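Protein chains in written order, with my numbering: chain A, 60 to 454; chain B, 60 to 454.
Hints should not be assumed to be uniformly reliable.
Any copy will do: because identical chains look the same in the list, a pair fits if it lies in one copy or spans two.
[Unchecked claim] Heads up, simulated EDC-like pairs for lysine to aspartate or glutamate below, C-alpha to C-alpha not over 16 angstroms straight-line: (1) Lys62 x Asp229; (2) Lys210 x Glu419; (3) Lys89 x Glu106; (4) Lys186 x Glu419.
These are calculated hints, taken from the structure and not from any lab test. Everything numeric in this text was worked out from a predicted model, so none of it was measured.
Protein chains: 2
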Amino acid sequence: MKKLSRKSPSKIVLLIIDGVGGLPHPETGKTELESAKKPNLNRIARESLCGLANPISPGITPGSAPGHLAIFGYDPVKYNVGRGIIEALGIGLELKPEDIAARGNFCTINDEGIITDRRGGRIPTEKNAELCRLLNKIGVNGAEISVVPVKEHRFVLILRGENLSPELADSDPQRVGLAAKKIEALSPQAQRSAEIANEFVSQARKRLQDEWVANMVLMRGFSQRPDIPSIPDIYKLKPAAIAVYPMYRGLARLVGMEVLPTGDNITQQVESLRQHYVDYDFFFIHFKSTDSRGEDGNFEAKVQAIEELDDALPSLLNLNPDVLIITGDHSTPASLAMHSWHPVPFMLKSKWCRPDNVAEFSERACLAGGMGRFPATEIMPLAMANALKLDKFGA
Amino acid sequence: MKKLSRKSPSKIVLLIIDGVGGLPHPETGKTELESAKKPNLNRIARESLCGLANPISPGITPGSAPGHLAIFGYDPVKYNVGRGIIEALGIGLELKPEDIAARGNFCTINDEGIITDRRGGRIPTEKNAELCRLLNKIGVNGAEISVVPVKEHRFVLILRGENLSPELADSDPQRVGLAAKKIEALSPQAQRSAEIANEFVSQARKRLQDEWVANMVLMRGFSQRPDIPSIPDIYKLKPAAIAVYPMYRGLARLVGMEVLPTGDNITQQVESLRQHYVDYDFFFIHFKSTDSRGEDGNFEAKVQAIEELDDALPSLLNLNPDVLIITGDHSTPASLAMHSWHPVPFMLKSKWCRPDNVAEFSERACLAGGMGRFPATEIMPLAMANALKLDKFGA
């Protein structure tokens with residue numbers, strides 16, 4: 060791709076509707092997409108090349124990071140980004156390649172050390188910041204420690220030092236009624252890093268002992284920044300991300316996108332697109348609430364989220380991007396109330412897209428599209444081709 | 060494939076309609092294939108297994124060589140044949156494995172050495188031959204030089220010698236208004252070869268200095284014959300090619316086909332097929348003008364080319380080949396006036412093909428065929444299976 064890609068003024072807009080794929084409602088037999096009033100999505104479908112994208116492979120349920128990385132053109136199995144790195148990037152931390160990042164939760168333990176609340180009462184972010192200042196006073200031999208607050212009970216721990224290894228298991232047992240686990244080294248080289256991480260946890264527990272609800276920390280997702288080629292480097296694009304949630308902003312930064320300022324709803328996101336439209340040639344817009352409502356198990360609310368998105372599309376279409384792609388990073392059926400493995404509706408509209416006979420943006424309709432069922436990693440080459448940004452391969 | 064293939068008397072005919080895939084006409088919404096009267100192609104489609112073939116992968120636009128190699132069963136990325144080799148094979152040059160071939164253009168430069176015409180006024184082929192005789196007098200240390208005229212302004216340069224490397228960049232800047240580039244070595248081992256190639260160019264410039272239009276040369280596509288297993292070796296076939304254009308004859312030779320004498324239109328090509336039908340068990344017929352008219356951007360002429368081909372099919376069908384495959388090496392939509400990345404209609408007719416519900420040979424109709432969208436490298440195994448020339452795999 061790097062050899063074939065060329066710079067050109069054409070513009071690509073990639074709209075990812077998080078968790079958009081669904082399953083039929085037991086009463087109506089219709090999925091969330093099939094139930095929603097979505098005249099704009101359907102109109103785009105009629106002018107598009109459609110299909111069903113598999114983020115990873117059939118049967119595999121993607122986390123948000125691999126779901127997005129696949130659409131961005133990366134093999135999601137090869138480039139598996141750790142949770143700690145995602146959190147750190149999400150709040151804009153500048154990491155060195157050797158830094159270890161981990162996601163932390165303030166939690167509540169009882170006198171026996173048993174976890175009673177994994178999210179420490181969802182303390183206010185201000186309280187979180189105060190506790191992080193406390194933890195930043197911790198000194199440990201062999202690593203510089205930095206504790207940075209995120210929202211509510213969430214924080215990021217950065218370990219900076221020589222020869223540290225991210226091959227560390229979580230301390231978070233992922234359920235209440237158990238004690239926090241000792242952090243185990245997953246390889247012999249990680250032994251010293253495990254000692255450092257455990258020493259941090261042990262000192263944190265002491266410093267938090269007078270707190271009522273946030274009196275302990277749980278650590279997970281120890282990881283280093285992966286050595287990932289950037290989108291500007293591979294595709295010669297100047298990409299920008301318009302995302303509300305930190306994690307997606309972090310993912311976008313990881314692959315070399317600039318993160319644009321925006322409001323907290325899709326109308327404001329489209330307005331940000333309009334404002335910065337001349338300055339970039341690739342835009343990733345992330346719409347979150349379809350996934351959130353799916354995870355809530357709220358079918359009707361997910362339908363409403365789709366309708367809210369549909370309402371915002373005319374002002375996006377007014378910009379008339381050379382290539383418009385609308386898809387999701389995975390399915391989140393309300394009936395499952397979690398991410399799922401089902402392939403995701405996809406459509407690509409451009410002057411050169413060779414439309415098919417699909418007349419609706421939904422799981423069943425897109426199956427009959429020109430792309431059939433296909434791996435999401437094919438989306439970026441298709442986007443580039445339709446933007447006439449790829450040279451011919453071979454003589 | 061080599062282990063499973065077996066010799067049998069059944070006959071396979073592979074008809075490649077160059078650049079046959081297209082895009083909808085903005086007024087009618089129909090592609091070139093959908094617009095053409097093609098009763099024979101449609102009749103074959105009704106009796107065939109149909110699909111849409113991807114020559115390389117979604118979004119990637121193939122050159123003619125990779126487009127054909129994929130259909131012949133070769134991974135087109137692994138066996139990337141250089142332009143120089145293609146040109147040399149096209150005019151029937153016998154190359155040794157170590158020979159370096161490059162495509163040359165006679166071009167026009169002004170007094171400052173700036174290119175004003177990359178095709179040197181498309182000089183007559185006779186003039187070209189005269190200039191090549193001049194260039195054949197060039198002597199360079201370390202390589203034997205051979206300059207062979209092709210058509211108009213085109214020639215082939217062969218460098219023969221010990222330890223030569225084809226890892227050389229082009230001197231052709233691919234546009235006017237610039238000077239020819241110095242030929243750069245792309246690896247340390249190619250340093251001496253770069254010096255030899257530059258010495259040739261420098262002497263050629265001197266010998267051409269009194270010419271008015273063809274007063275310089277531009278070189279590109281330095282390459283060696285790839286070490287490619289032959290079709291007779293892999294499939295135990297005795298293959299023949301019936302192609303009008305040199306490049307396709309060269310490609311056929313590269314994979315071990317014999318090139319049959321033929322006329323310059325499809326009726327004569329089918330007549331050649333008839334004459335040699337008993338002597339071979341695999342025939343590749345290449346139909347060029349669909350691609351040429353597509354590259355001209357002439358929608359109606361491409362439609363006519365399809366109709367011309369359709370007219371020639373009854374005499375081909377009279378031979379009643381055991382397996383008949385009709386497809387293209389890539390799409391060349393008239394609206395784009397160039398090769399494109401869109402997948403290509405495919406059909407395979409045989410007594411054993413399990414027909415689908417497709418009733419028309421077109422992009423949209425073939426999408427619903429039994430093969431759906433699939434990689435073109437799967438065509439040869441399908442051909443062999445339908446000719447009952449493949450053993451069962453495994454116990």
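Evaluation of the provided hints:
1. Only between protomers do Lys62 and Asp229 lie at most 16 angstroms apart by alpha-carbon distance; the minimum there is 15 angstroms, versus 40 angstroms within a single protomer.
2. Taking the closest pair of Cα atoms, Lys210 and Glu419 never come within 16 angstroms of each other, the shortest separation being 38 angstroms inside a single copy and 52 angstroms across copies.
3. Taking the shortest alpha-carbon separations for Lys89 and Glu106, only the inter-copy value of 14 angstroms comes in at or below 16 angstroms, while the best intra-copy value is 23 angstroms.
4. Taking CA atoms no more than 16 angstroms apart as the test, Lys186 paired with Glu419 passes in neither setting, with 48 angstroms inside one copy and 61 angstroms between copies.
Checked against the numbered hints given earlier, the structure breaks hints 2, 4 and satisfies all the rest.
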